[in-house]
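**Q** Same order as they appear, the protein sequences are chains E and F.
Everything in the first sequence is counted per our numbering, starting at 1 for the first residue and increasing by one.
Everything in the second sequence is counted per our numbering, starting at 1 for the first residue and increasing by one.
If you are wondering where the hints come from, they were derived from the structure by calculation, not from laboratory data.
One or more hints might be untrue.
Repeated chains share a single entry, so a pair holds when one copy, or any two copies, can fit it.
The calculated lysine-lysine pairs, modelled on DSS-like cross-linking and capped at a C-alpha distance of 27 angstroms, are [what the hints assert, rightly or not]:
id, residue 1, residue 2
1, Lys2, Lys312
2, Lys288, Lys268
3, Lys106, Lys77
4, Lys172, Lys312
5, Lys340, Lys268
Protein chains: 2
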Amino acid sequence: MKSILEYETVDYDRENHALVIIDQTKLPNDIVLLSLTAAQDIWDAIYLLKVRGAPAIGVAAAFGLAALAHRITAQDKAAFLEELAEKKEFLNSARPTAVNLSWALKRMMDVCHKNPEAPVAVLKGLLLEEAFLMKQEDIAVCRKIGEYGLDVLKDGDGILTHCNAGQLATCKYGTATASIYIGQERGYHFRVYADETRPLLQGARLTAFELYSAGIDVTLLCDNMSASLMQQGLIQAVLVGCDRVAANGDTANKIGTSVVAAVAHYYKVPFYVCAPTSTIDFHTPTGKEIVIEQRDAAEVSEMWYQKPMTVKGVRIYNPAFDVTDHSLITGFITERGIVKSPVDLRNC
Amino acid sequence: MKSILEYETVDYDRENHALVIIDQTKLPNDIVLLSLTAAQDIWDAIYLLKVRGAPAIGVAAAFGLAALAHRITAQDKAAFLEELAEKKEFLNSARPTAVNLSWALKRMMDVCHKNPEAPVAVLKGLLLEEAFLMKQEDIAVCRKIGEYGLDVLKDGDGILTHCNAGQLATCKYGTATASIYIGQERGYHFRVYADETRPLLQGARLTAFELYSAGIDVTLLCDNMSASLMQQGLIQAVLVGCDRVAANGDTANKIGTSVVAAVAHYYKVPFYVCAPTSTIDFHTPTGKEIVIEQRDAAEVSEMWYQKPMTVKGVRIYNPAFDVTDHSLITGFITERGIVKSPVDLRNC
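Given the sequences, and given the hints that come with them, work out the whole structure.
**A** Written out as structure tokens, the structure reads:
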């Protein structure tokens with residue numbers, strides 16, 4: 001059987017002009033590829049987390065917009081651009097927190113602005129090539145993050161990660177997992193600990209799955225067990241991904257990240273955010289301005305379970321993300337180097 | 001339909017000489033009463049968490065031993081005591097961490113030592129009365145804890161709790177929930193936040209259930225969401241129970257408690273351990289000497305789920321408890337008052 005790592009997280013079918021993704025809600029039990037060509041289906045795939053992870057969402061939205069552009073029948077340039085802008089706004093509304101969604105879609109629209117003379121048919125081709133370029137860039141960025149990350153790790157280290165910032169969240173390598181995969185190439189043995197990440201269990205279903213499939217030493221734990229590991233000295237570093245980094249370094253990432261950060265702070269374990277620079281949003285001054293997506297209560301009370309796991313009617317708090325204060329972050333591992341704060345990138 | 005709060009968490013059927021408990025693994029969907037008379041069934045009920053919560057385990061073990069004593073056929077006193085000691089050791093082996101199990105069983109055996117002249121039939125009666133006395137004491141202790149707890153709370157406070165240290169963990173009132181119930185009697189309105197408490201979801205299945213049934217304002221959250229609430233200033237105090245408090249104040253409680261404590265420490269939220277003095281073990285100097293029960297991996301990977309929630313073969317870490325360092329604990333709310341450290345109880 002083909003390993004999960006041999007599948008492309010996000011791809012494009014040039015023959016049928018379709019966005020192709022692995023349906024991540026079915027993992028680890030079933031590997032199902034989805035071929036999407038309709039705006040509502042692409043929106044649903046992002047909203048329902050069939051594709052998730054900030055970098056993967058960005059590339060999926062780019063391929064998705066390319067597929068939708070291909071189907072716009074208007075030959076008139078102005079009409080084409082108007083319809084494309086509508087599709088872009090629609091896809092952009094699927095999830096508010098990760099900056100990569102709006103970043104990638106804006107970059108696609110910029111292709112149109114940079115090629116004002118191009119006829120519609122040519123623009124459609126340019127849009128698709130831009131999306132492929134973004135995919136290639138994502139792979140290169142993740143690899144660089146992995147290489148820089150190895151500078152702060154040593155063979156034998158215990159690494160804790162939260163949610164899935166792995167290959168399944170990107171086009172290859174992952175962000176938080178990149179150092180683990182590249183370390184493996186170089187013969188390092190890391191002990192990796194994966195938080196299961198309630199409510200949607202991305203750590204159990206995705207991170208433990210992909211690392212185990214790669215032959216990496218991985219142990220799964222519930223989100224409330226990190227302090228127990230750190231007390232025993234088993235964790236030398238925490239590596240997490242991010243959905244949006246504010247200019248001051250406050251970082252939105254999967255709910256629970258700031259819990260791990262506070263625990264690591266108490267136990268004096270270095271806490272690194274693995275951040276493609278595309279995830280850094282200098283237009284957002286601090287974490288207070290980041291919109292946090294609130295999701296359906298049933299994700300907590302019912303999803304994955306055979307029976308309701310609490311009493312009907314009880315109120316449920318279910319934010320998809322939280323903001324980790326910059327004071328808790330040891331450093332940002334980016335494709336341009338490791339920095340203490342986003343502003344330091346000016347010197348990289 | 002009868003409210004869950006109208007059932008006795010732990011009781012004794014005098015007619016059939018049986019320990020009677022609510023099967024807590026079936027909550028909140030089904031309320032099933034179990035009537036137990038065999039040693040293996042009582043051991044299983046404790047090991048499988050059909051009855052759980054340190055105070056409830058203590059009283060259940062006492063009633064359980066009384067039921068087993070009733071069935072010992074030996075008329076010879078020495079033979080009776082030998083068999084009773086065997087049953088006691090067997091029940092004591094069900095779970096290692098909560099001190100109340102061994103404390104309660106030792107107290108039952110002390111009844112025999114204090115009544116050396118009593119014939120077997122009389123002893124059986126004395127054992128049962130001791131178990132009933134322990135139940136009454138547990139109710140009184142919890143009520144006092146609730147009254148003292150109100151000294152550090154004010155109307156309108158947001159209270160976070162972890163796992164279930166509620167009525168279902170005791171004979172009435174709970175420990176961490178006692179102030180909430182007694183506050184309700186006095187017209188206070190608390191906003192209570194209940195961690196769901198993976199892997200066995202005692203917070204979702206039990207705490208949210210019992211508080212909601214009592215008409216208390218309760219919101220359920222995943223274990224990784226506490227920092228998100230504290231960032232928003234929604235939590236004024238954390239109240240948790242405990243399974244064993246070492247002489248220096250290090251506290252073993254449900255896995256995840258020390259995560260909440262570290263997060264509360266960072267956000268400067270007071271963190272109180274609600275502790276019947278029976279849970280304080282002066283024979284254990286620090287948390288390092290507390291044995292932490294490790295449980296089955298399937299509780300994390302499969303229990304409650306329709307399908308396996310991670311890949312087969314992956315290693316899983318599943319300790320039932322962790323130890324919260326005494327430096328993270330604002331105070332211990334006991335039936336004898338609120339103290340900074342167990343040693344201060346000498347002055348209460």
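**Q** Enumerate the violated hints, using their earlier numbering and listing them in ascending order.
**A** none
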